[in-house]
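**Student:** Residue-level listing of the chains:
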Amino acid sequence: MKYIKFAVISFLLGMFATSCDIIEEPYTKEGVFVWHGRKILIYDFTGHKCGNCPRAHETINSLINIYDEAVIPIAIHCTAFARVTGSDSTQPYYYDFRTDIGDYLGGRMTEPGYYGELTLPIGLVNNLAKEKLLSHTAWPTEVAKFISSFPEYLIEIQPEYSNENDIVKADIKVKTSVTNSRKIALTVFIIEEHIINWQTDYNKTPKDIPNYEHNHVLRAGFNGAWGEVIKNNTNVTVLGDEYTKSYSITKGNDWKIQNCFIVAFVYDVDTYEVLQAEMIKVQ
Amino acid sequence: MKKIFTLFLNLAGLGIFSLLAQENTENNSGQITGNFQTDAQYYIEDQSIGATAVKEYMLVNSWANFIYSNQNFSAGFRYEGYMNTLLGYPNSGGINDGIGIPFRWAMFSKDDLEITVGNFYEQFGNGLVLRSYEEKMLGVDNALDGFRIKYQLFKGINLTGLIAKQRYYWNHGPGIIRGFDGTIQINEVFQSLEESSLRLNIGGSFVSKFQHEGHPLYNLPDNVAAMSGRIMIRYKNFDINSEYAYKFNDPSLDNSYIFKPGQALLINTSYAKKGLGIVLSTKWVDNMAFRSDRNASLTDLNINQLPEITKNHIYVLPAFYPYATQPNGEWGAKAEIMYKIPKNTLLGGKYGTNVSLNYSRAHDIKKTQINDSTPVFPPASGTYGYNTKFFSIGDKLYFQDINFEISKKWSKKILSNFSYVYLIYNYDVLRGITGHGNVYAHIGIVDMTYKFENSSALKTEIQHMFTKQDEGSWVLGMIEYSLPGWFFTVFDNWNYGNPESKKHYYSIGFGHISGGTRIQLSYGKQRAGVMCIGGVCRNVPASNGVFVSISSTF
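Each protein sequence line maps, in turn, to chains A and B.
Counting with my numbering, you get residues 3 to 285 for the letters of the first sequence.
Counting with my numbering, you get residues 1030 to 1583 for the letters of the second sequence.
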């Protein structure tokens, strides 16, 4: 019986000795990408006469292939590379991709915009500050910096379009995910996908491509280039705090509404860091 | 090393069993006991209440236990059949449908030793780190399947060790559970304290689960442990029962894969003397979901159970809004006073009057960000998660229940029970949805029973719930006539306050009880809702149909 007691106690203590693994940081495996829902905004300053700009478009496409909906690009046609040859639609480069916002930010013809003289292609990744302008080759690295961080805000967009008066409406709700005391602004744009038109591509022969697919093309802003301040840094936003805004614009005559998307993003007014972006189809 | 350890366990376990079995040379025919139950429902489509029919027309849950006992040996099995599973029971993708013997066991006890092989249920302490149990009403059965040894080391010192996998419908969950529990009854250990008015028990548990990590993103622990310590003090009329549990990092679907450890504290105190009972309880829980599969959800593969301290209402209307335990974080408190007004007094009358007042409340716990960029909610996967102070109480109310009950016997023939219940129910949190808000419900209940000379009785219930939220107000009327061996019931539950459709949920039925056998047949409509037992819940779908239940023991 002594042996039995000994075996029993050994068995019981054996159960006890079977312990646990305590994991220290980093909790994430090396080399993996974990997405927590933060969407990355890319301003792609481009022009249909810019022969190197398709390389930036390829960079964006590769980023979308990797990160899918986590990347929200906006193609802003500007500078002299966005000039048009005239109004004759039978001629190359007749189509005008330019917008007031694009002109203001990137410049029109030789007149520099807010970001100064731009050498296309160039862009901004999740930060709207002048000093953050980057060549497209640096965009993947910059996206990787943000992609695994947490969204401080969540954005819900409720789109509405009326065929009767061509009004596009956007009801935006910004929800706080992380307590903060930032001063933030909300900017809302409308973009269009799948516009087939001319594009210069120095990697192609001939270099003038008549049926190039232009994507993420900025069409207009609902509330200007810099949007609207929705919270000051004198206020602390706590988890669950919400801000709601409603905007509307009139659809342009040449927009295909079925290809249009509303893009909304919030950024820190002091640091220009884009804190979250969201995109939804108008229809 | 792991292989050597496993081999040792097998040899130790099987060797002991073999030794003991050889000692059992006495020949005895033993006895067989058991029970049987079948619940069947014929479903009728009823669009007015959202009830659906089923292709099988009728669904049946059945099971039978057979237990053989012979001196210090017993063995048994449970034959179960779900053909197919009644609606509302856990059965995602038909996983519960089928027939078979998922529960079989053998147990041998000798001297101070008890060995169980096969399936068994077990609870350590209050269940904060281990509770394996079966609740057919919920469709919960997290039985363990493996080996268990219970041993009384000395008088008053009891040890339990186990290693097992957990039942997962007709299979096993992926994890292996190892557990140890020890209880010391101080008054039995020390002879000088045997007669003391102060009774003291202490205990401790350690439970570890193993599940191969294999996650593409996170460095998950293969082995996750939880431990607890408990104390029970009784002095004359006072009783304190408390347990604290700690769980090491356990990233799982429940907590959105955060690495923060979990904690729980449960304190139950009571005072009881003739005619008076007072109960005060509190609990605090943080990140204490503990399952043998980190990807399991709902009622599947729970290793522990966090006991509820809110009242489990037995009347229909207050049970519409039951509290569901929130393992990711909750604080709760309960106070209950039960008093019997003495007989032959103004309020007590000839037989005395029982009154009880119960109050319970549950909140979230305070959680703060671990840094400036990591959100608390939803929890940030792949991080520590959040910070919290022990026993912190958040501002968000989950649940509140104030109820008052008077039970009075007016004469040998007339009995009554009057209740008032006020509930605040955080629908969003407790049902896991958004945009619904709190439900505020006032409920009054009158329950009268009249006993006739021929041992028959007529019981009537009138319940009314007033609320502006959810489906609005309800009124329920019920009449039950019973006589020896038989009962007949009819009731109607009318959702007269529903702004969309004022629905009736009526039912009529009867039952027969004879010896150990009970047969019940009813027809009626059932409202969609939630059923909770012990803070564990399942959805109940709307239904219209005939329900048959037969149970028998032998």
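Calculated directly from the structure, the hints in this document are not laboratory data.
Careful, some of the hints might be misleading.
Simulated pairs of lysine-lysine, DSSO-like, Cα-Cα distance not exceeding 27 Å [stated by the list, open to error]: (1) 177(A) to 1395(B); (2) 185(A) to 1395(B); (3) 1369(B) to 1488(B); (4) 258(A) to 175(A); (5) 1418(B) to 177(A); (6) 1379(B) to 1531(B); (7) 1179(B) to 1194(B); (8) 1302(B) to 1395(B); (9) 1372(B) to 1265(B); (10) 1480(B) to 1531(B); (11) 1184(B) to 7(A); (12) 7(A) to 1194(B); (13) 147(A) to 177(A); (14) 175(A) to 185(A); (15) 175(A) to 1265(B); (16) 1532(B) to 1497(B); (17) 1139(B) to 7(A); (18) 1497(B) to 1340(B); (19) 7(A) to 1179(B); (20) 1441(B) to 1363(B); (21) 185(A) to 206(A); (22) 1497(B) to 1554(B); (23) 1438(B) to 1302(B); (24) 1363(B) to 1418(B); (25) 132(A) to 147(A); (26) 1480(B) to 1437(B); (27) 1139(B) to 177(A); (28) 1497(B) to 1441(B); (29) 1425(B) to 175(A); (30) 1395(B) to 1418(B).
Here are a few chain A residues that face chain B, going by a calculated C-beta distance under 7 Å [to be verified]: (31) 10; (32) 25; (33) 37.
Label-pair distances were calculated between CB atoms; the ranges are [to be verified]: (34) 24(A) to 1224(B): 40 to 50 Å; (35) 1150(B) to 23(A): 21 to 31 Å; (36) 1165(B) to 261(A): 50 to 60 Å.
Note that beta-carbon positions come from the ideal geometry of N, C-alpha and C, so glycine has one too.
**Student:** Could you run down the list of hints and mark each one as holding or not?
**Tutor:** Status of the hints after comparison with the structure:
Among the hinted pairs, residue 177(A) with residue 1395(B) is consistent with the structure: their alpha-carbon atoms are about 20 Å apart, no more than 27 Å. Simply put, residue 185(A) and residue 1395(B) have alpha-carbon atoms about 26 Å apart, close enough for the 27 Å limit, and the pair holds. Annotation: proposed proximity of residue 1369(B) to residue 1488(B) holds, straight-line Cα distance about 23 Å (limit 27 Å). Proposed proximity of residue 258(A) and residue 175(A) is supported: the alpha carbons are some 26 Å apart, at most 27 Å.
This hinted pair checks out: residue 1418(B) and residue 177(A) have alpha carbons roughly 26 Å apart, not beyond 27 Å. For the given pair, residue 1379(B) sits about 43 Å from residue 1531(B) by alpha-carbon distance, which is inconsistent with the 27 Å threshold. Our distance criterion of 27 Å between C-alpha atoms is met by residue 1179(B) and residue 1194(B), whose separation comes to about 18 Å. A threshold of 27 Å between alpha carbons decides the hint, and for residue 1302(B) with residue 1395(B) the separation of about 38 Å lies outside it, so the pair is violated.
The straight-line distance between the Cα atoms of residue 1372(B) and residue 1265(B) is roughly 25 Å, inside the 27 Å bound, and the hint therefore holds. Annotation: proposed proximity of residue 1480(B) to residue 1531(B) is violated, straight-line Cα distance about 35 Å (limit 27 Å). Proximity of residue 1184(B) to residue 7(A) is assessed by CA-CA distance (about 14 Å); at most 27 Å being required, the pair is judged to hold. With a C-alpha separation of about 25 Å, the suggested pair residue 7(A) and residue 1194(B) falls inside the 27 Å cut-off, and the hint holds.
At most 27 Å may separate the alpha-carbon atoms for a hinted pair to count; residue 147(A) and residue 177(A) meet this at roughly 23 Å. Distance hint between residue 175(A) and residue 185(A) is fulfilled; the C-alpha atoms sit about 17 Å from each other, no more than 27 Å. Between residue 175(A) and residue 1265(B) the CA atoms are separated by roughly 60 Å; this puts the pair beyond 27 Å, and the hint is violated. Note on residue 1532(B) and residue 1497(B): the hinted pairing holds, with a Cα-Cα distance of about 16 Å set against a maximum of 27 Å.
For the suggested pair residue 1139(B) and residue 7(A), the alpha carbons sit about 12 Å apart, so the restraint of at most 27 Å is met. Restraint check for residue 1497(B) and residue 1340(B): the C-alpha separation of about 23 Å stays at or below 27 Å, so the hint holds. For the given pair, residue 7(A) sits about 11 Å from residue 1179(B) by alpha-carbon distance, which is consistent with the 27 Å threshold. At most 27 Å may separate the alpha-carbon atoms for a hinted pair to count; residue 1441(B) and residue 1363(B) exceed this at roughly 34 Å.
For the suggested pair residue 185(A) and residue 206(A), the alpha carbons sit about 46 Å apart, so the restraint of at most 27 Å is broken. Among the hinted pairs, residue 1497(B) with residue 1554(B) is consistent with the structure: their alpha-carbon atoms are about 23 Å apart, no more than 27 Å. Annotation: proposed proximity of residue 1438(B) to residue 1302(B) holds, straight-line Cα distance about 21 Å (limit 27 Å). Restraint check: the Cα-Cα separation between residue 1363(B) and residue 1418(B) comes to about 21 Å, which is no more than 27 Å; the hinted pair holds.
Restraint check for residue 132(A) and residue 147(A): satisfied, since their Cα atoms lie roughly 18 Å apart, inside the 27 Å limit. A distance of roughly 14 Å separates the Cα atoms of residue 1480(B) and residue 1437(B); the hinted pair therefore holds under the 27 Å criterion. Taken as a hint, the residue 1139(B) and residue 177(A) pair is broken in the structure, with Cα atoms around 64 Å apart against an allowance of 27 Å. About 40 Å separates the Cα atoms of residue 1497(B) and residue 1441(B), which puts this hinted pair outside 27 Å; it is violated.
At roughly 22 Å between alpha-carbon atoms, residue 1425(B) and residue 175(A) fall within 27 Å of each other, so this suggested pair holds. Between residue 1395(B) and residue 1418(B), the direct Cα distance comes to roughly 7 Å. Compliance with the 27 Å bound is thereby established for this hinted pair. Satisfaction of the interface hint for residue 10(A) is found here, the shortest Cβ-Cβ separation to chain B being roughly 5 Å, below the 7 Å cut-off. The criterion of a C-beta within 7 Å of any C-beta in chain B is met by residue 25(A), whose closest approach is roughly 5 Å, and the hint holds.
Because the beta carbon of residue 37(A) sits about 10 Å from the nearest beta carbon in chain B, more than 7 Å, this interface hint is broken. Distance hint check: the CB atoms of residue 24(A) and residue 1224(B) are about 46 Å apart, consistent with the given range 40 to 50 Å. Roughly 28 Å separates the CB atoms of residue 1150(B) and residue 23(A), a value that falls within the hinted 21 to 31 Å. In this structure the hint that residue 1165(B) and residue 261(A) lie 50 to 60 Å apart at CB holds, the actual value being about 56 Å.
Hint check: violations occur at hints 6, 8, 10, 15, 20, 21, 27, 28 and 33; the rest are consistent with the structure.
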